[in-house]
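S.K.: Chains as they are written, first to last, in our numbering: chain Y, 358 to 937; chain F, 1375 to 1510; chain H, 2 to 248.
FYI, nobody ran anything at the bench for these hints, they're computed from the structure.
Please read these numbers as outputs of a predicted model, since none were measured by experiment.
A few of these clues could be false.
What follows is a list of derived Cβ distance ranges for each label pair [what the hints assert, rightly or not]:
#, chain 1, residue 1, chain 2, residue 2, range
1, H, Gln188, Y, Asn720, 34 to 42 Å
2, F, Gly1430, H, Glu191, 53 to 61 Å
3, F, Leu1405, H, Gly19, 35 to 43 Å
Note that CB positions come from ideal geometry on N, CA and C, so glycine has one too.
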Amino acid sequence: MEVTAHDILLIGGGGAGLRAAIAIAEANPRLDIAMVSKVYPMRSHTVSAEGGAAAVIAPNDSLDEHAYDTISGSDWLADQDAVEIFVNTVTQEMLRLEHWGCPWSRQPDGQIAVRPFGGMKKERTWFAADKTGFHMLHSLFQTSLKYGEIKRYDETFATKLLVDDGAVQGVVAIELSSGKIRAITAKAVILCTGGCGRVFPFTTNANICTGDGMALAYWAGAPLKDMEMMQYHPTGLPQTGILITEGSRGEGGWLVNKDGYRYLQDYDLGKPTPTPVLRSMELGPRDRLSQAFVQEMEKGRTLKGPYGDYVHLDLRHLGEKKIDEKLPMVRELCLNYSNIDPVHQMIPVRPVVHYMMGGVSTNVNGETPLKGLYAAGETACVSMNGANRLGSNSLGELLVFGARAGAHAAQYVTGAPEPSARLLAQAADEEKRINREYLNRTSGGERVAVIREEMQHAMESAAGIYRTRKTLEEGAVKLAELKQRFMAVALDDHSRTFNTQLTSVLELAGMLEIAETIVHSAIAREESRGAHQRIDFPKRDDQKFLAHSLAYGNAQGVPRIEFAPVTITRWPPGERVYGR
Amino acid sequence: MANAIPQSKTYRPSMPMTWWLERWNYTWFILRELSSAFVAYWVVITLLQIAAISAGPVAYTNFRVWMSAPYMVAINIITFIFVIFHTLSWFRLVPQAMLPRIGGKRTSTTMTSAPMYAVWVVVSVIVGLFIMGILP
Amino acid sequence: MADKITLEVARYSPEHDGERRFDRYEVPLHENWMVLDALNYIKDHIDGSVTFRWSCRMGICGSCGMLVNGYERLTCEALLADYLPGPIRVEPLKNFPVVRDLVVDISDFMGKLERVKPWIIRQPGAVEPQREFLQTPEQLETYKQYSFCINCMLCYSACPVYGLDPHFIGPAASALALRYSTDSRDQGSEERLDVMAQNEGVWDCTVIGECSVVCPKHVDPSLAIQEYKISATKAWFRNLLMPWGGK
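Chain Y on its own, in the form it takes in the complex (with noise of 0.2 Å):
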């Protein structure tokens, strides 16, 4: 087995990952740097990301509205001195990335313009028209290759940590195009894996979101904070679960039932205005929207498709000039996926799972309770966003804390010891796993799209947008008895060059895990908080759920649960008040 070691290893190379790169190529040039990811670091998800990324720039903002607007926003699940760290630092990383080339949207005369976003009192969205983040990944990637002490594995996917004496150093990973096994140590390892939607039907989520650092934690010992906090974003399209962006409605798009009727209004989110009002309506954050999407459809008010029921936003009334120059994207995505163009038309959206709120817990510093181990970005929880993130949040908080993890991690490699030799046997193990279980494996029965099917299914019916005990119980019966089958799942291709299922069933492994952990840990929380509904615990409880879950693995399979209390630094738990 071949085996190279450095100094910090990121696994992923979205936007997290490549911040967290540049901060330790900038904090100590001598650090050797190497960055594994499943796809060429300009394909990581962080391209889809639409509206924009908030930070304070506006002279008539300040940064106590943006933390307030966050924990406000969050059900007062964040902890505050994570939000007030982000929202102090995030407009010098926003500027950081305008110097290193992100053509930001601008005003006439040159300053960054800012648009409105759900649950922001203020306008502090900056946006680089409806591909933020496709420009954003671009300048981070394009500015990465400045520093050749980063070295990549493309194309490279982490099968495990590997773990000495209680510190992280390390990891097991196949290089897709030879089918190599490599074993790769590092006095540091940073997972910058983003998320996982894909252990749900129906998500924004690209192919590639399957949630891999958060199993790669989980078995390695590390909890998975708040993951029961899965956020559905109100507007997606039917067929497909492509994003159609919060900045649609920041522009002033509206939602509307099949009568044409604006139901918002009826959710205690304001009164209906011609253009938008900030925190209120359209713009409230995505929970209430996403859940009063349901109410709606329960009276029966929504319009019914081969996809399921749905809603209309409206964005006619923008024009044909403002919807090409703030929406372009919008406008290219439903002519080719809806065949619809929203000048003339209404566009058919419904709530779509878009983003997990949890994550490998971890401190300000990225830091996790496993020595060695950081993550940063969507894979971590820091926690920032709580129960319910806002939109324009999370490209910002991928720039603060991957960067911070990434200087954090190169003070904390100067003084570590060098990976142990013990790694090698561990490593040559799992080369052995993997040709026993999958490789060499050809009988056995059960496809890797199959259960995948299966258990994304299970979710939609036990961790939805409302759920009961008694939803929640039954897909934890089901996801044991798919982990039972997977045992016995068997590949169709047995080759080394370039093999996607077998990327595919080590993926499925890790959610299937992920799973477990988001139907646990919603269980055990009774209570209603953001994203997390339980119609049989209607109200929420910060007697005794002001408090973070914690899901550890566990011997029998199924996580334990504990919980940790939030931090609350100078904004108590209060009624989150949106439209009035």
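Following the hints, position chains F and H against chain Y.
M.R.: Only chains F and H this time, still in chain Y's reference frame:
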């Protein structure tokens, strides 16, 4: 940034000799390159014509007799078609090569092409009028 | 509308026969289904060994470029119904080594991208603003189109010059070089011009223009290359007339 070089055996299909027949755009390109030969031929003929004129009326008459031979008429008709094609292909190329900007925004293809066609038509008309003897 | 359509998928595996062949698969024809959806149907339900790259399925990640009936397409944007009655022939992009089935090796491009220095270059001693660089919407407009490149490699596949001479810097890398050189924040256009004007740089381009035809994001790399030729020519004349360095 260095990236790992894949080491497995890859397959590189070679370009077939007939690649330029696969698409209209490729064929157009090859014809454009080929038409240059006709443009060159046309220049040579024009030089011979000038030489004949300067050598006196007998030489020029011989030249005209040569030009009216059926095979020369045929060659010249083909040449004329290719020279027209060459002109059009370059007109088509200009908006692919430069699109001036007005206030940051690119001008449209039509705005770049239209003046060229206009000048071409005007010049052709003037030349035509000379040939027909309407202009002195 | 027919309810089924046949795909002929190019197969190649270095481990087995090493020969290229086409396998035929019949897939259901759903409304709004793309060629990529059909490939995923094959992989999930018929033959799990069919190998291709894909991720975002919304035309932005740049992974799923292939030849569909001989033309470069992002398969996530190629509507099945447009190819009725079929069969649809799906092949890997041209001009790249094929790793397996529909997967090509793009490491050559990754090297070229790095060579054109696709980042903001500032000269030593340049004054950095405390806040953002001011950049008017008009200044943004000058390079915006070139910044839309998703590195999908369709242009390299469509370029016969690259096919005949793999050393040619090629369309996407040129467009990205110009994207930075025309950005008002950048001061590195001369460094980049050195790369672009050398052997196997932009002068190899014979203006076939097919790169711009196949570009799914309307980047127009052909225009970028011609603009580079104009800049290179201007720089050459400037050096000729003012060899002492009138920059």
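S.K.: Starting from the hint list further up, note which numbers the structure goes against and sort them upward.
M.R.: none
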